Amino acid sequence: MALITCRDAAFAYEGRVVVTGLNFDVQQGNYLCIVGENGSGKTTLMKGLLGLMQPKSGKIETGDGLKSTQIGYLPQQTSAQKDFPASVYEVVISGRLGSRGILPFYSKLDKQIALENMEKLGILPLRKKSFRELSGGQQQRVLLSRALCATEKVLLLDEPVSGLDPIVTAEFYSTIRALSRDTGITIIMISHDIRAAVEYASHILHLQNRQIFFGTTEDYVQSEAGQYFLKGGDHYASDH
Amino acid sequence: MPLIIEMFSFSFLVRAIVVGLLVSLCAALLGVNLVLKRYAMIGTGLSHVGFAAMVIAGVIDFAPVPFSLPVVVAAAFLLLRMNESSKIKGDSAVALVSTSSMAIGVIVMGMTTGITLHICNVMFGSIFAMTQSDMYISVALSVVVICLFVLFYKQLFAVTYDESFAKATGTKVEIYKSLLAILTAVTVVLGMRMMGALLIASLTIFPALSAMRLCKRFLSVVITSAVISVVCFFVGMVLSFGLDLPPGACIVGVNLIVFTVFSGIAFVRKKGIA
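The listed protein sequences correspond, in order, to chains A and R. Sequential numbering from 1437 applies to the first sequence in the numbering used here. Sequential numbering from -19 applies to the second sequence in the numbering used here.
Source of the hints: derived by calculation from the structure; they are not laboratory data. It is possible that part of the hints are untrue.
[Stated by the list, open to error] Below, simulated EDC-like cross-link-like pairs (lysine to aspartate or glutamate); rule was C-alpha separation at most 20 Å, straight line: (1) Lys1503/A - Glu1588/A; (2) Lys69/R - Glu1588/A; (3) Lys1556/A - Glu1607/A; (4) Lys250/R - Glu1607/A; (5) Lys251/R - Glu1569/A; (6) Lys1483/A - Glu143/R; (7) Lys1565/A - Glu1555/A; (8) Lys17/R - Asp114/R; (9) Lys1483/A - Glu64/R; (10) Lys1667/A - Asp1655/A; (11) Lys196/R - Glu1569/A; (12) Lys1492/A - Glu1450/A; (13) Lys1589/A - Asp1618/A; (14) Lys134/R - Glu154/R; (15) Lys250/R - Asp1519/A; (16) Lys1518/A - Glu154/R; (17) Lys1492/A - Asp1444/A; (18) Lys17/R - Asp1519/A; (19) Lys134/R - Asp1546/A; (20) Lys157/R - Glu64/R; (21) Lys196/R - Asp1519/A; (22) Lys152/R - Glu64/R; (23) Lys1544/A - Glu1595/A; (24) Lys1483/A - Glu154/R; (25) Lys1483/A - Glu1595/A; (26) Lys157/R - Glu143/R; (27) Lys251/R - Asp1519/A; (28) Lys1556/A - Asp1618/A.
[Claimed, not checked] Examples of chain A residues toward chain R, derived with CB under 8 Å: (29) Leu1486; (30) Thr1505; (31) Ala1516.
This one's a predicted model, so the numbers in the text were calculated from it and none came from an experiment. Note that CB positions come from ideal geometry on N, CA and C, so glycine has one too.
Using the sequences and the hints given, assemble the complete structure.
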């Protein structure tokens, strides 16, 4: 049984069909990269995976006891967050909200989990700092810790390295790889950085308003679509 | 000091101060979320709706707080809905609702002759406004607002900080946004009689903004904002009594001074580090 199964799913945004023909599954421990250009339907699919949007046709199912609310999510930062006064600790522990539910305040266990996740990503010394004063790479680690507080199973990352410089980007990718390797957590990453995707991911899902490719990274590199893209081609679909 | 002792010898002033302190506290707590969630204008919009409701209550001779409360809460829902819908954007929606309610209030006032209501009091507040029964309702409701804020503090933080993350991890975001709007509506109605329709919104915005100049953590912003609000209210009240000026204007004036001072400190600090 797969953690997430997508069968003939299509998604529409404001009445317009954005992406169709989605057939893929995500197994425990996979590292899946969803690639494609802007407007290819990546963000829409992500909303579907998070349960924020229902497919127009077909279905997305979760299995292996995974609930859609157990997907830890690393969203792109909004402009409001850039000057939001909150400490690192406050941001990280807010990831426990989903499991804490209606009960007031956070429990000892919640606090412990938050501290462990900060430790795991090396941001424990920053816990009293203000989020807005951190560097871009540090901020992403904080948001990653928060996502880990919400899940032990699946992490969904939305363009996590946009705005980071090359060195910090490389560091971030290796952090994700280490997490995937050491904890067996399933990673789903949305990215337009196709070279990094084939370097780190175990599986690739390529979108161009429809599913162009889904399979292992080895197969993708051999495939026509993969070869074309890795050479720096642009519109595979429109050229064929 | 004798001035303060003299103030406490008037029972209407004691009532005004008790309710005012509680309302200032509510406004400051909610204000932090409103400002950060970019909902600050909702407070302004609601106060104008409150104005219309108060005028109508005065004309039909109905108790103002019980009459205005459901009206303003309904308006809060409406504004929140309009904020989400793409047809009329949030700020225009607020302008629409504010000016319409203002117009309705003034028309109703104009149509009624021999009205005992003083427009100046409704607009700028009056310390004589608070009756004994008003006080009981106000104290009870402010305590409810404060309790709900504390109980749902972490949800309100999560929804304010990152709505999409909260939603994706299973938090019922809509419920907490509505909660924020309802609590704001209640606070606006309670504070309006003393602060006046024009100035109550500033009570939700100023303390939060001042606190944000200097504080870097959410909890410390909330606490500082509460302290600023309560202190400014009290100082403003004393000035209002001593100088015989409308209380709302004095309280906002004191808030403005605090905000200026805090901004100054923040500026100096930044220069000092840089």
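Quick rundown of the hints versus the structure:
Proposed proximity of Lys1503/A and Glu1588/A is supported: the alpha carbons are some 12 Å apart, at most 20 Å. As the CA atoms of Lys69/R and Glu1588/A are separated by approximately 39 Å, the hinted pair breaks the 20 Å bound. With a C-alpha separation of about 14 Å, the suggested pairing of Lys1556/A with Glu1607/A holds against the 20 Å cut-off. A hinted pair counts as satisfied when its Cα atoms are at most 20 Å apart, and Lys250/R with Glu1607/A does not qualify at roughly 30 Å.
Distance restraint check for Lys251/R and Glu1569/A: the Cα-Cα separation of roughly 16 Å lies within the 20 Å cut-off, and the hinted pair is therefore satisfied. Pair hint Lys1483/A plus Glu143/R holds up; C-alpha atoms about 13 Å apart against a cutoff of 20 Å. Straight-line distance between C-alpha atoms of Lys1565/A and Glu1555/A comes to about 15 Å, which keeps the hinted pair within the 20 Å bound. Restraint check for Lys17/R and Asp114/R: the C-alpha separation of about 31 Å exceeds 20 Å, so the hint is violated.
Between Lys1483/A and Glu64/R the CA atoms are separated by roughly 18 Å; this keeps the pair inside 20 Å, and the hint holds. At most 20 Å may separate the alpha-carbon atoms for a hinted pair to count; Lys1667/A and Asp1655/A meet this at roughly 16 Å. At roughly 9 Å between alpha-carbon atoms, Lys196/R and Glu1569/A fall within 20 Å of each other, so this suggested pair holds. A threshold of 20 Å between alpha carbons decides the hint, and for Lys1492/A with Glu1450/A the separation of about 11 Å falls inside it, so the pair holds.
For the given pair, Lys1589/A sits about 13 Å from Asp1618/A by alpha-carbon distance, which is consistent with the 20 Å threshold. The suggested pairing of Lys134/R with Glu154/R holds, with an alpha-carbon distance near 15 Å, which does not exceed 20 Å. Of the supplied pair hints, the one linking Lys250/R and Asp1519/A holds, its CA atoms being roughly 15 Å apart against a limit of 20 Å. For the hint linking Lys1518/A to Glu154/R, the alpha-carbon distance of about 23 Å lies beyond 20 Å, and the restraint is violated.
Annotation: proposed proximity of Lys1492/A to Asp1444/A holds, straight-line Cα distance about 10 Å (limit 20 Å). At most 20 Å may separate the alpha-carbon atoms for a hinted pair to count; Lys17/R and Asp1519/A meet this at roughly 12 Å. At roughly 12 Å between alpha-carbon atoms, Lys134/R and Asp1546/A fall within 20 Å of each other, so this suggested pair holds. Taken as a hint, the Lys157/R and Glu64/R pair is honoured in the structure, with Cα atoms around 11 Å apart against an allowance of 20 Å.
Using a Cα cut-off of 20 Å, the hinted pair Lys196/R and Asp1519/A holds, with the two alpha carbons roughly 10 Å apart. Distance restraint check for Lys152/R and Glu64/R: the Cα-Cα separation of roughly 16 Å lies within the 20 Å cut-off, and the hinted pair is therefore satisfied. With a C-alpha separation of about 33 Å, the suggested pair Lys1544/A and Glu1595/A falls outside the 20 Å cut-off, and the hint is violated. Only pairs whose Cα atoms come within 20 Å are accepted, and Lys1483/A paired with Glu154/R is accepted, the gap being roughly 17 Å.
For the hint pairing Lys1483/A with Glu1595/A, the CA-to-CA distance comes to about 14 Å; that is within 20 Å, so the pair holds. Proximity of Lys157/R to Glu143/R is assessed by CA-CA distance (about 10 Å); at most 20 Å being required, the pair is judged to hold. For the given pair, Lys251/R sits about 18 Å from Asp1519/A by alpha-carbon distance, which is consistent with the 20 Å threshold. Between Lys1556/A and Asp1618/A, the direct Cα distance comes to roughly 11 Å. Compliance with the 20 Å bound is thereby established for this hinted pair.
A distance limit of 8 Å between C-beta atoms decides the matter here; for Leu1486/A the minimum to chain R is near 4 Å, and the interface restraint holds. With 8 Å as the threshold, the beta carbon of Thr1505/A comes within range of chain R, its nearest partner Cβ sitting at about 3 Å, so the hint holds. The closest approach between the C-beta of Ala1516/A and any C-beta of chain R is roughly 7 Å, which is under the 8 Å cut-off, so the hint is satisfied.
Comparing the model with each numbered hint stated earlier shows that hints 2, 4, 8, 16, 23 do not hold.
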